[in-house]
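Novice: If you want the building blocks of each chain, they are given just below.
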Amino acid sequence: EDQVTQSPEALRLQEGESSSLNCSYTVSGLRGLFWYRQDPGKGPEFLFTLYSAGEEKEKERLKATLTKKESFLHITAPKPEDSATYLCAVNQQAGTALIFGKGTTLSVSS
Amino acid sequence: GAVVSQHPSWVICKSGTSVKIECRSLDFQATTMFWYRQFPKQSLMLMATSNEGSKATYEQGVEKDKFLINHASLTLSTLTVTSAHPEDSSFYICSARDRPTNEKLFFGSGTQLSVL
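Each protein sequence line maps, in turn, to chains A and B.
The numbering used here puts the first sequence at residues 164 to 273.
The numbering used here puts the second sequence at residues 1274 to 1389.
Some hints could be false.
To be verified - DSBU-like mimics (lysine-lysine), calculated; alpha carbons at most 35 angstroms apart, straight line:
no., chain 1, residue 1, chain 2, residue 2
1, A, K265, A, K205
2, A, K232, B, K1314
3, B, K1314, A, K226
4, B, K1328, A, K205
Claimed, not checked - In silico negatives: residues of chain A with every beta carbon more than 12 angstroms from chain B:
no., residue
5, G179
6, T189
7, K265
Keep in mind that the hints were calculated from the coordinates and are not lab data.
By construction, the Cβ of each residue, glycine as well, lies at the ideal position given by its N, Cα and C atoms.
Input sequences plus hints: build the corresponding full structure.
Specialist: In structure tokens:
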């Protein structure tokens, strides 16, 4: 049973076409929800941490939001350099590893 | 942010040989490091938790005799894939927290292993 589910699996956008990525989770006792960016052949790069429902974080064209059951990563006016796989992860217990979803692969064309 | 260095970036080996992957925390000490494996278009799957000075904790289904983990110091953990087979070909990534109170993980750049 998947604890972290991301959708869509792949997303193609035109430059400037805003959209959102979804991450739903079923873990109890959430100790943080994390968004990472992963480029091909590289390790994940940290983007955001969200801890409680209603929390929002922003960085350049990205904005992450959190509810009790899901998180969204909003991409405003994306550019080709935003093309990557975006991973969502959760932490259930202090000091333990993160549990990852399968990711959404975003392709932005000019 | 904290830096986790992983080497090599890629390695090709013959079936039956062993391969060692190193993971170093460059600007912090890590009592715990985590080793993940990632197959194409799949999620990062936790293999094991590496604890400095003690035995690693392996996830269910991960063979501890095949994937040897050594965490000899606060800045170095190694993963050795013993008697590698083609099905071990995958992307291996290590990670760590820069301090116990920080929930986020910092990741190495990963190692692509190809077993012929």
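Novice: Evaluate each hint against the coordinates.
Specialist: Hint check results:
For the proposed pair K265 (chain A) and K205 (chain A), the alpha carbon gap of about 15 angstroms is at most 35 angstroms, so the pair holds. Note on K232 (chain A) and K1314 (chain B): the hinted pairing holds, with a Cα-Cα distance of about 24 angstroms set against a maximum of 35 angstroms. Our distance criterion of 35 angstroms between C-alpha atoms is met by K1314 (chain B) and K226 (chain A), whose separation comes to about 24 angstroms. Taking the CA atoms of K1328 (chain B) and K205 (chain A), the gap is near 28 angstroms; set against the 35 angstroms cutoff, the hint holds.
In this structure G179 (chain A) is separated from chain B by more than 12 angstroms, as the shortest Cβ-Cβ distance comes to about 27 angstroms. Against chain B, the non-interface label of T189 (chain A) holds: every CB pair exceeds 12 angstroms, the least being about 15 angstroms. In this structure K265 (chain A) is not separated from chain B by more than 12 angstroms, as the shortest Cβ-Cβ distance comes to only about 4 angstroms.
This entry does not satisfy hint 7, going by the numbered hints stated previously; all others are met.
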